Amino acid sequence: MKKILAGVLCTAMVISSLGMISFADETEAAAGGLATEGKFVVGFDAEYPPYGYMDDDGNYTGFDLELAAAVCELEGWELVATPIDWDSKDMELDSGNIDCIWNGFTVNGREDDYTFSVPYVDNSQVIVTSEDAGISTLDDLEGKIVGVQADSAALALLDEGGDQEELGASFAELQQFADYNTAFAELQAGSLDAVAIDVGVANYQIAGREGYIILDEYLNSEQYAVGFKKGNNELCDIINADLMVLLTSGVFDEIAEKYAELGIEPDMLCLADSFSLTPETEAE
Amino acid sequence: MSFQVIMGQLAGGLVKSIEIFALTLIFSLPLGLLVSFGRMGKNRVIRSLVWFYISVMRGTPLMLQLLAVYFGPYYIWGMKLGRAWRFMAIIIAFSVNYAAYFAEIYRSGIESMPPGQYEAARILGYSKTSTFFRIIFPQVVKRILPSVTNEVITLVKDTSLAFSLAYAEMFTIAKQIAAKETSFMPFLAAALFYYVFNAIVAFLMERIESALNYYT
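If you're matching them up, the sequences are chains F and R in order.
Counting with my numbering, you get residues 1 to 284 for the letters of the first sequence.
Counting with my numbering, you get residues 285 to 500 for the letters of the second sequence.
Read the hints as simulated data drawn from the structure, not as lab findings.
Hints may contain errors.
[Claimed, not checked] Okay, derived cross-link-like pairs now, DSSO-like style, lysine-lysine, Cα gap no bigger than 30 Å in a straight line:
| id | chain 1 | residue 1 | chain 2 | residue 2 |
| --- | --- | --- | --- | --- |
| 1 | R | LYS412 | R | LYS426 |
| 2 | R | LYS426 | R | LYS326 |
| 3 | R | LYS364 | F | LYS39 |
| 4 | F | LYS230 | R | LYS441 |
| 5 | R | LYS300 | F | LYS39 |
| 6 | R | LYS300 | R | LYS364 |
| 7 | R | LYS441 | R | LYS426 |
| 8 | R | LYS300 | R | LYS412 |
| 9 | R | LYS326 | R | LYS441 |
In this text the structure is predicted, and so the values were computed from the model without any measurement.
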């Protein structure tokens with residue numbers, strides 16, 4: 001009797017799991033290039049302040065998420081802020097689980113892999129070190145242990161084939177870490193000599209801690225944009241047009257102002273330049 | 285972020301962890317029993333299939349299995365994944381993985397029963413089914429409870445792997461708060477939550493053990 005029951009239970013589970021698969025609806029992309037009509041699913045790393053993080057009330061916020069929310073307001077979409085595992089971002093985007101990656105996402109070096117919106121922030125990769133480490137130039141980093149976040153733009157830059165490959169090769173070790181808390185703890189404990197990091201994030205991290213400096217010499221200059229699945233021009237065009245509206249209506253600057261003291265300095269904003277540099281794409 | 289908000293967020297994350305925990309147990313405990321039957325069965329094909337299933341489940345990381353179950357339908361059949369699929373994939377991956385471990389635990393219990401009990405039951409006229417469910421299985425449950433408790437406690441901690449599928453359970457929330465606060469304190473709070481939850485689980489399992497200890 002109970003054996004039958006167990007059998008029935010298990011069969012039910014197998015059937016229902018099969019059912020779930022076909023449940024996963026096979027509809028084509030809805031209007032506007034969104035995977036689900038009316039829902040703008042933004043993938044972001046929630047451990048990436050000030051671009052995307054959890055605010056004092058436990059809600060997801062950040063410079064990039066507020067921009068996304070403003071876009072949703074214009075379009076009448078519902079914003080679904082989906083924190084993702086940064087290592088799985090390509091799978092999430094390819095499979096349509098998220099509509100875009102909007103999270104301090106570096107364009108440079110990834111041009112062929114994603115469809116990008118117009119750039120809105122000028123970013124640089126910088127070196128953070130402790131005040132008393134005696135490191136003041138990039139040359140001083142020779143023979144030192146430098147940390148970078150896994151799968152980050154800084155890693156691509158310093159690793160083989162990157163623009164700062166030579167500098168990277170001069171380090172004793174290029175150590176990858178998962179999150180900045182760990183990296184800064186290692187910096188403090190002395191197991192790392194320096195950390196290569198995005199300037200906006202560096203500003204945020206240093207503001208919350210004592211005794212760190214950013215080197216004046218930058219590793220590079222690069223830009224942030226919204227990343228879409230390669231070929232999703234429909235959605236990209238909508239977001240570009242909306243960014244233009246947010247810029248001319250002043251909403252973009254309002255949001256930027258809020259984040260000025262959290263690490264996004266006014267001279268990092270480049271949305272205005274993006275539009276004046278490429279007016280012909282807007283006219284189309 | 286105030287202390288109350290941090291605790292509130294972690295508690296919310298704990299609820300999500302408990303959802304995974306409870307559903308996984310509900311599915312994997314019976315499934316594991318079925319798998320153990322296949323593992324000990326007479327049919328050679330089923331036996332080797334089940335052997336292979338268990339060896340894959342135990343031999344590859346659960347994190348990889350989560351990714352495979354979740355993204356598999358898209359990459360293999362090009363299916364569009366619905367929003368509900370994320371949670372279902374987590375439950376399926378966890379259940380199928382834990383069923384493999386539970387199957388081996390059941391097997392250890394069932395194979396430890398002396399054959400004399402089967403012979404005695406046959407002489408007394410018990411059918412095979414009722415021999416198993418009325419005589420063997422209740423004793424098996426008593427014997428395997430400590431091992432099951434081990435797995436159950438491991439499961440509580442394994443729920444943190446669900447973040448590889450962007451499911452915001454407690455450890456994920458703790459990491460996010462830690463990033464915002466640029467501090468390690470949220471991890472201490474999370475550790476406390478895990479510890480208390482596991483203490484409750486261990487206490488309940490001990491109670492069940494002593495309740496079943498009716499012959500001594």
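Any hints this thing doesn't respect? Which numbers, in order?
4, 8 and 9
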